[in-house]
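Whenever a hint applies, use it, and build me the whole structure from the sequences.
Residue numbers (numbering that gives the first Met the number 0), protein chains in the order written: chain X, 0 to 660; chain P, 0 to 147.
Everything labelled a hint here was simulated from the structure, so no lab data went into it. From the three backbone atoms N, C-alpha and C, an ideal C-beta is built for every residue, glycine too. Among the hints, a few may not be true.
[Said to hold, decoys possible] Reference excerpt, derived from the structure (chain X facing chain P, CB under 7 Å, subset only):
1. Trp102
2. Ile103
3. His104
4. Asp108
5. Lys113
6. Thr510
7. Ser512
8. Ala631
9. Phe646
10. Ile651
11. Met652
12. Ile658
13. Cys659
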Amino acid sequence: MQRIGVFVCWCGSNIAGTVDVEKVASSVAGEPGVVFTTNYQYMCSEGGQGMIRRAIKEHGLTGIVVCSCSPRMHEATFRKTAQAAGLNPYMVEIANIREQCSWIHKDKDEGTEKAVILAKAAIAKLNLNKPLTAGESNVTKRALVIGGGIAGIQTALDIADAGYEVDIVEKSPTIGGRMAQLDKTFPTLDCAACILTPKMVDAAASDKINLYTYSEVEAVSGFVGNFKVKIKKKPRYVNSELCSGCGVCTEKCPSRKAPNEFNMGLNNRGAIYIPFAQAIPNVPVIDPEQCIKLKTGKCGLCEKNCTAKAIDFTQKEEIIEREYGAIVAATGYRPISLENFDEFGYAHNKDVITSLELERLMNAAGPTKGVLLRPSDGEHPHEIVFIQCVGSRDTSGCGKPYCSKICCMYTAKHAMMIRDKYPDTKVHVFYIDVRTPGKNFDEFYRRAVEEYGVDYIKGMVGKVAEKDGKLLVQGSDLISNEQVHIEADLVVLAAAIEPDPSVRNIATMLTASIDTNNFLTEAHPKLRPVESPTAGVFLSGVCQGPKDIPETVAQASAAAAKVIGLLSKDKLTGNPCVAHSDELLCNGCSQCACVCPYGAIDYIDKEVNDHGKREVRRIASVNEAVCQGCGACTVTCPSGAMDLKGFTTRQIMAEVDAICR
Amino acid sequence: MQVNDTNKEFRPLIVAFCCNWCSYAGADLAGSSRLSYPADVKIIRVPCSCRVNPMFILRAFQRGADGVIIAGCHPGDCHYTSGNYFARRRMTLLFSMLDYLGIERERTRVEWISAAEGAKFSATMNEFAETISRLGENRRLEDLRCKE
Ligand SMILES: Cc1cc2nc3c(=O)[nH]c(=O)nc-3n(C[C@H](O)[C@H](O)[C@H](O)COP(=O)(O)OP(=O)(O)OC[C@H]3O[C@@H](n4cnc5c(N)ncnc54)[C@H](O)[C@@H]3O)c2cc1C
Ligand code: SF4
Ligand code: SF4
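Here's what the structure looks like:
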């Protein structure tokens, strides 16, 4: 028989206001096992915890029930308290009489009655609790970063700096991400490449960082501290060891029809290409969809011209298996497709472009060598219209309901850069609101208006139509309440951004969750912003939500700090509330293994002693380090062999009984 | 057990199984947002909706519960990736069996309530309690109650 103590908390007036705490304590005094009850103003305070510790010792308690706030709040606190007094921490149950009682019921009798029932259910459960001990597991001192944009690079650099090994898996041929495509960056207008490429070089040069570019994560198994990951290395058809990066092959390639992804399709690239001059690694890749040799067996011009003999058409996909202690998702974003926004004519008009395309048109290494020319005829545009919030803050269902956060600032940047370089160009910006909350951000926007004379128009654009080689922009000015018609040479759409679509697959592999917009969710929106709900998985950059570079870098370093904290541990203590199969009841049917989402169940041949009869049986065996304690197997088991420690069938039944009594 | 006292207004007995990661947290949020629902609803915390054994529900009905609701994470959001799908399938089977036994279909329900949906939690419980109150007492399995 247990010796149970019941501790009813007032939580000041939060509980005591609607629940008669004294009555709760006295009503449960006669429950089975209960030998001590009391109430106190703040159980979680040092005074309250001291009271619990003393009572455990004085009354020889074997378990405690705390009637207080949600277990999500203070279960861990009271477990520690019990442990400090020599009890097993799992001999603690919480009756949630605040969030799920006093805060939602106004009538004191009703609240008290419910609190008593909740306390009785917790007591009934506790009567069946057994001391549990958590298993320990080792920590593989290596981290994996998925995505090599600025977020992934910064996270990897910080982890490496602390002395731990880290691998970056990047799906494209080079690291750098979207930032590599940008020209200048707000709010300082320094060039993106000048601040990004040194970091890319540092990552490549670090002896702690290993880059798997042109690679993807295929499968993830295991758990915090002990992930096993399969990485697929796609064939580059170029031997990286031999290649000197001279680029002769890329010039000789006769296949020139592929849109250049790095330049947002504004020009074409060869079948063998290096995405951009400072790419890391500076090794070309052959696009098998475009390569004449790989498709027809003829050509091979690159091979003939490569003095380093680096071209290798026989390269095959490679699968690498590695172990990691922690995984960071840094998969970034892409601009949304504009097919739902026909009114702006993006699909059929070359001079309607996205802001990211404009970045390439302004960039000295871009398709126009940094001279701003219209894609249709290569002429200088003299009148430019920017349209903000294309697909952002859109509740119509065509776009995204959220604010993409960066567009107001980069549009101000673009407008200013154009006015600076081509002062005779007229620049108009249509906006719903201008949102500039950031250090030096509003000053930046005001400069665009006040110093650079950018014409900001509060209002929406209804239509962009083509008229005699011009773009007729029809919009409304909400401040003067007038229709506006502008004959523009170029229209730039600030397209909303969305998470890279591969994130869905990544989230499934990592058992991390995503929100309705496909952004990865954090373990707690305020207090654990860089951890995913899955232990050992962390979030870095735009994959978690829209952000600019400074915020991305801050989050990247925060994620690195969390990883370093994890990798610095030698042992991790697991969750003892795991599944366990009763060897006498199990018939080895394999049903449980079929439902376990973590592959935690194996079958072993074991000699069992069934009431004096010794025999070898095939039975289920749960790997306690892998089991996450969901309980799926317990319900599937047809023989009632599988149970979940801490939430056993009998414990839950006892709660049902107590509530329905 | 609920006493069928004609002088007293009928108060239903409702058991809510809530998964730790989404719905239980949703209930906490309903609490911290002071979004009330009837005290007739009593919550039992389970790690995942897939931990809910059909036996728990039968037991509740046998012991006099008037309604049982299982709340889990939204499809695709399960903390354990697929637990709520198991729950959904199992409960579909169980509910049709209960229906066959003569327990009204409305007395059982599965709902997806996220940790952010305090308002949905409270609205769901209000609505469920109202439905159960309308159906009145559930004596169907109670008659079979076996004495220990
Ligand atoms: C037009 C425009 C202008 C901008 N201007 C500015 C500015 O001036 N100042 C500023 O601060 N910010 C600016 N930004 C925002 C800036 O681009 C982002 O803040 C930054 O790039 C976010 O970095 P990231 O690493 O999170 O994502 P990304 O840069 O998107 O990097 C993600 C990386 O992960 C890789 N990846 C994706 N999925 C996988 C996968 N499944 N497996 C492996 N690898 C994967 C991608 O290939 C990519 O390399 C601008 C954005 C736009 C669109
Ligand atoms: S409780 Fe869940 S994770 Fe653990 S063995 Fe059973 S099915 Fe697998
Ligand atoms: S489902 Fe039950 S009986 Fe079947 S193997 Fe698993 S534990 Fe054993």
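Hint check: 7 Å Cβ-Cβ cutoff, Met652 of chain X to chain P = With a closest approach of 6 Å, the Met652 of chain X hint holds.
Could you check if Ile103 of chain X really has its C-beta closer than 7 Å to a C-beta on chain P?
-> With a closest approach of 4 Å, the Ile103 of chain X hint holds.
Ile651 of chain X as chain P interface residue, shortest Cβ-Cβ below 7 Å | 6 Å, holds
Does the interface hint hold: is Cys659 of chain X within less than 7 Å of chain P, judged Cβ to Cβ?
-> 3 Å, holds
Closest C-beta approach of Asp108 of chain X to chain P relative to 7 Å, hint status = 10 Å, violated
Under the criterion of a CB-CB separation shorter than 7 Å, is Ala631 of chain X in contact with chain P as hinted?
-> 4 Å, holds
Any CB of chain P closer than 7 Å to the CB of Thr510 of chain X?
-> 5 Å, holds
Let me know if the C-beta of Ser512 of chain X comes in closer than 7 Å to any C-beta of chain P, holds or violated.
-> This hint holds: Ser512 of chain X lies near chain P, its Cβ roughly 5 Å from the closest one there, short of 7 Å.
Would you settle whether the hint for Ile658 of chain X is holds or violated, based on the nearest Cβ-Cβ distance to chain P being less than 7 Å?
-> 5 Å, holds
Chain P contact restraint on Lys113 of chain X - CB to CB distance below 7 Å = 4 Å, holds
With chain P as the partner, please determine if Trp102 of chain X meets the hint condition of a C-beta pair closer than 7 Å.
-> Nearest chain P Cβ about 4 Å off; hint holds.
Taking the least C-beta to C-beta distance, is Phe646 of chain X closer than 7 Å to chain P?
-> 6 Å, holds
Violated hint: 4 only; the structure is consistent with all others.
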